[in-house]
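Novice: The lines below spell out each chain.
Number of protein chains: 2
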Amino acid sequence: MAIPTETQQWQLHHHPDPKKTERATDFFTLVKTPLPALGPNSILVKPILLSNDASQRTWIGSAGSYITVKPGQVMKTFGVAKVIESNKDAFKKGDLVWGMLAWSEYMVFDDPAAQYPPGFTKLTEEQAKDPEEYLATRITGLTAYYGLLNVGEATSSDQTVVVSTAAGATGAVVVQIAKNVLKIPRVIGITGSPEKMDLIKSLGCDIALNYKSPTFEDDLAAAVAPTKGIDLYFDNVGGAMLDIMLKRMKSKGRIVACGALGSYENDNGDAVAYVKELRRIIMSGVRIQGLNVSHYAADYANGMKNMEQWGKEGKLRSLTTIYETSFSGVPGGMERLLAGKNTGKLLTKIV
Amino acid sequence: MAIPTETQQWQLHHHPDPKKTERATDFFTLVKTPLPALGPNSILVKPILLSNDASQRTWIGSAGSYITVKPGQVMKTFGVAKVIESNKDAFKKGDLVWGMLAWSEYMVFDDPAAQYPPGFTKLTEEQAKDPEEYLATRITGLTAYYGLLNVGEATSSDQTVVVSTAAGATGAVVVQIAKNVLKIPRVIGITGSPEKMDLIKSLGCDIALNYKSPTFEDDLAAAVAPTKGIDLYFDNVGGAMLDIMLKRMKSKGRIVACGALGSYENDNGDAVAYVKELRRIIMSGVRIQGLNVSHYAADYANGMKNMEQWGKEGKLRSLTTIYETSFSGVPGGMERLLAGKNTGKLLTKIV
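Sequence order for the protein chains is V and H. Quick note on numbering: this note's numbering labels position 174 of the first sequence as 174, and the sequence is numbered without any gaps. Just add 1000 to wherever you are in the second sequence, counting from 1, and you've got this note's numbering.
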């Protein structure tokens, strides 16, 4: 094919206003923009798989995050791209690479090694056979892995582990590692529908609870009563759920703060995410520790190896929903993510 | 003296109502109540020194705490008492003991060894020479010690440590251990008046900040700029201050949640203590860990020994305010504590 000189891309139109009811697709505008010419170290790639992550909602918020997208800027995303042209020895036409991409039909990188996160990773021949699986594991799986094992310091001697959004991308992996690898006797998953309750039980949850049930708080109390509380809570939501769990933590219990989904709609600064029960943290010597998976980047190769091994042993199966779309439908991926109806990891596949 | 058959005591009249402006003395009523006769293992004691601790405000609140006092019950307190009569070999008339006492003129314990915390501790001859110093160190000093060293895992390689209510009982000890023992290069103390700023500088703070200053947040930003943030924040207040600090924590910074003074007035459940900046905890991998000093009870003898040694080496001086009163003025101690005007440890001495 001829090297394209321009590309379509989805730019952020405006920060979401938490006070308004807008569809995710309203935040973005499709624009055509020139592509720079290829320099002596450049590569030209075409994103083919985009990761849809809850954290992306914070990137486009006005409150700021570790990655930010401002109005007029192209939307960023982790993903897998195919190399179309390369002036760099390390990459050749047809290679698949993983890294920080954008909602752009084509992209030129002048120095791929200088990209965040530390350079593009070239998929091995084995990994390139199933790039969907690779992408699902690459960020989400590692988030579950380091969150549970390093931040949470979960061990087989824990009695009760609770996971919120257990049918979600990260939660589903946490449940499986907790049950199938660590053999935690009581893995409790929180989710929002009877179908998802069945699903998380099939993943290994001993008890599935529906947070929409009017008896949820009592159900939780009963579920943790036999062990007199929770050793470890893997928190994917923040907000009111975190407060509810704080009432049930064991003395010296550990909380992994991984997501604050419950607070994403409130990023105007009026009401972000509340931990009301600070007093209980003090009384019980509870620990809340945030998880930023990039802090563990030096160990990623090891983490990926362990998870691939668990996959082979049948201890870890991936739960992926693939949204196939032409480039013009890319914002629909975020729409689906925020609607909260999918299970496991959501990927957008550009066809 | 003849063995008394009744005693005066201060009972809680009602839980404080955060919506009302009441004096601490309004919460208590002086009543006369019979004393049980001494059994074969009983001791009769007379409390002589009462510890005035911020945490006692939570004990009398309606929200509950690790220790609770309900209306109609006698007010509890840590303190030092003198043994008046003893049927127990381990205690003899005139001994001084430390333990959980009450605002009661006399008290009979049927089995002193069964008391919380684990039995009364008899002061050594050396300790009995200065019971005020012993009481000041016993709980408050140990709180500072285990909070900074065990929960906070402070080491000499930390660059910046921030301490709130640095002129308070716990804060003053934290500042001195951080500066004089660990030699932290930048110890920043937060307090509320120019006099207290001078005081905490004399204790070892490199920088003293007044939280009442209109430029406080900017002053803090400037104070932590040279080290690009805070390694460890020793939090004695909770509330809004905790949120302000979360914006300044280094990646993987540690917060010791020791007190929630800022939230004590809100224990009706409407507004307890807020951590709004949950998102920052996640982004920066920050850890918040509660401190309940009783979790370290097995190590107290060692902690006391270290602090006594630091005292002899001039690294740790105690900062004690003694409120002398007859028994009828005991609630005035809490009044003084909540007014926040004293510095260091406040003790009530019954004369």
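Quick caveat, the hints were computed from the structure, so don't treat them as lab data. Bear in mind the structure is a predicted one, so any value in this text is a computation, not a measurement. We put the CB at the ideal spot given by N, CA and C, even for glycine. One or more hints might be untrue.
As the list claims (entries may be wrong) - Rough simulated footprint, nothing fancy, chain H against chain V, three-plus residues with beta-carbon under 8 Å: (1) 200-208; (2) 313-319.
Claimed, not checked - For lysine to aspartate or glutamate, the following EDC-like pairs were computed, each having C-alpha atoms within a straight-line distance of at most 16 Å: (3) K1341(H) <-> D1198(H); (4) K122(V) <-> E105(V); (5) K1276(H) <-> D243(V); (6) K1070(H) <-> D1017(H); (7) K1349(H) <-> D1017(H); (8) K276(V) <-> D1198(H).
Novice: Give me the numbers of the hints this structure contradicts, sorted from smallest to largest.
Specialist: 1, 2, 4, 7 and 8
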